[in-house]
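Protein sequences, first through last, are from chains A and B. According to our numbering, the residues represented by the first sequence are 1 to 262, in order. According to our numbering, the residues represented by the second sequence are 1 to 257, in order.
Incorrect hints may appear among the rest.
[Claimed, not checked] Some, not all, of what chain A presents toward chain B, calculated at C-beta under 10 Å:
1. Ala14
2. Asp25
3. Pro182
4. His216
5. Thr253
[Claimed, not checked] Not close to chain B: a few residues of chain A, all C-beta gaps over 12 Å, as computed:
6. Thr61
7. Trp87
8. Trp91
9. Phe114
10. Tyr115
11. Arg193
[Claimed, not checked] Label-pair restraints from in silico Cβ distances:
12. B:Glu225 with A:Pro197: 29 to 37 Å
13. A:Gly134 with B:Asn234: 50 to 58 Å
14. A:Arg101 with B:Gly74: 56 to 64 Å
15. B:Leu101 with A:His84: 45 to 53 Å
Keep in mind that the hints were calculated from the coordinates and are not lab data. Note that the structure is predicted; figures quoted are calculated from it, not measured. Yeah, the Cβ is synthetic: ideal placement off N, Cα and C, and Gly gets one too.
The lines below spell out each chain.
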Amino acid sequence: MNTPVRASDRDLHALAAIVSQDRPDLPDGGGLPPSLLADLMGQIRCDVMSFEGFDSGRRETWSRQVMRCRGDAVAVDVAEDEDHVHWQHYWHCQPCSYPDRTGDLRSVLKIADFYSARQWHSTGMYSDIYRPDGYEHELMLTLPTAPSPVPSPGRTMRVFFLRGPGPDFPERDRALLTLLRPHLHQAYLEAERRRHPVPRLTPRQNDLLRLLAAGHTNTQIARRLGISEGTVRTHLEHIYERLGVSSRTAAVTRAFPHLAGV
Amino acid sequence: MRAPLTTNERDLRTLAGIVSEDRLDLPDSEGLPPSLLADLKDQIRCDEAFFVGMDSAQQTAWFEQEVPVNDAPGRDDLDRAHWQQYWACKPCSYPDRTGDLRSVLKIADFYSARQWHSTGMFSDHYRPYGIEHELQLCLPRPPMRAHGTGRTVRLYFFRGPGLDFSECDRAVLTLLRPHLYQAYLEAERRRHPVPRLTPRQKDLLRLVAAGHTNTQIARRLGITEGTVRTHLENIYERLHVSSRTAAVARAFPDRVA
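Excised from the complex, chain A in its bound form:
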């Protein structure tokens, strides 16, 4: 048996600790827990990182959370003028609109995947947005948005790591973000859940609602839980009341908002 490649202990522990830690801190204006952003900045060397909500259909940036080296994570109002220019260049900028054009939200991207330095410097995106702020290199990760009752095509969450002139991000950083991606998505969904708490149901009500979500009829639910159909109906009425809804599907959506991402 040949010896497989082994991952080094200390570094894996650091990453596993980052994803395992309970993060009670919540960002003010939405986004990721600030302590998580700080931990990420400890792993990926950059000048600034940001977590942004993009709507490429409506051409707007609807949320932005920025963290600078040594700084605190802050929600930043998106300057309208700059945002306008950004969206003007968006569809021409190959790395920026790549997730929209391809539907591939999984790949972690660098600008160098698309452009040579010379090509990049000749783009409008570079000269109007990146250069004025002194940014040269970027690492971008895309996540689906938290589910909303309204289908929202064109909406994605983006994590950006930015660096000034000098060496580009190493492949090690890309691998690290590839591994962390689903963990970051969970952390984002969890933060959203905590910002929009769902009314509490009893364990029994939850059981019943899960069967409902699975598409069972009242008769099937009654048999499954060993209760009468009348009791099922009573349970449902209480559930509707507690959730402030008036139908089965509305109850499921309200009680399990994180499951409604379809």
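Since the structure of chain A is already known, use the hints to place chain B on it.
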């Protein structure tokens, strides 16, 4: 500025490669792509990797997948012994007892070697198989179709006498867990393709899933309620279901509840 912890580039890239690879192979029954399970077995050095759907309420496994295939004689007896000892064995029943599906467990988290060797689980089940050490990972809830009380999807790595699994192995699995869950769901999706709906039918069903009434849907899509009902009937027929919630559950199986 504090120097960031650097991670060995080659190792992270190996792991990222394992989770990024498009896996076209499918297991014979429920499970992970066999190539993925084999890669995991290489990464976590072990004698056997075992992926299983455990039903602790029915005391049975609803699927089993293993590398390499273990056809030890008398396996049925050993499996019976496993369920007899299950609730007394602390690491085995830990997920059931605590609801904690996130922790990656070793036997040494619960027992000293001496305590472990004195358990019925060890003498009746593990020792006959030649297993001394174990690393256990639970995935989140299985998809709707496989969901049920007492059901968990678990990944085990087994080793004979010698070195226990390292903390590094535990860290690797902690990092890979959501990736493995995605791979499992993706394999299930490919094994049970959902009947195709038209884009319009999907739009409509998304509104149904969001809890809108027919009246609201009609207004939203700029059609009449009669047309909404016709659409729904066509959707029910195509999905072989007879209710709104069943249609949503069938069309969007990833709404794992």
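Hints, one by one, checked against the model:
Hint status for Ala14 (chain A): holds, given a least beta-carbon distance of 5 Å to chain B, under 10 Å. Annotation: Asp25 (chain A) was flagged as interfacial toward chain B, and the flag is violated, the nearest CB pair being 20 Å apart, outside 10 Å. Taken as an interface hint, Pro182 (chain A) checks out: its beta carbon lies about 4 Å from the nearest beta carbon of chain B, inside 10 Å. Given the 10 Å rule on beta carbons, the hint for His216 (chain A) holds: about 8 Å separates it from the nearest Cβ of chain B.
Look at Thr253 (chain A): its Cβ gets to within about 4 Å of chain B, closer than 10 Å, so that hint holds up. The beta carbon of Thr61 (chain A) is kept farther than 12 Å from every beta carbon of chain B, the shortest such distance being approximately 25 Å. Distance check for Trp87 (chain A) against chain B: the nearest CB is about 26 Å away, which clears 12 Å, and the non-interface claim stands. Against the 12 Å criterion, Trp91 (chain A) stays outside the reach of chain B, whose nearest CB is about 22 Å from its own CB.
Non-interface status of Phe114 (chain A) relative to chain B is upheld: no Cβ of that chain comes within 12 Å, the nearest being about 19 Å off. The Cβ of Tyr115 (chain A) lies farther than 12 Å from every Cβ of chain B, with a closest approach of about 22 Å, so its non-interface assignment holds. No Cβ of chain B approaches the Cβ of Arg193 (chain A) within 12 Å, the least distance being about 15 Å, so the stated non-interface status holds. Against the hinted window of 29 to 37 Å, the Cβ-Cβ separation of Glu225 (chain B) and Pro197 (chain A) comes to about 34 Å, which satisfies the hint.
Hint check: Gly134 (chain A) to Asn234 (chain B), Cβ distance near 57 Å, so the stated range 50 to 58 Å holds. For Arg101 (chain A) and Gly74 (chain B), the Cβ-Cβ distance of about 58 Å falls inside the hinted range of 56 to 64 Å, so the restraint holds. Leu101 (chain B) and His84 (chain A) have their C-beta atoms about 46 Å apart, which keeps the hinted 45 to 53 Å range intact.
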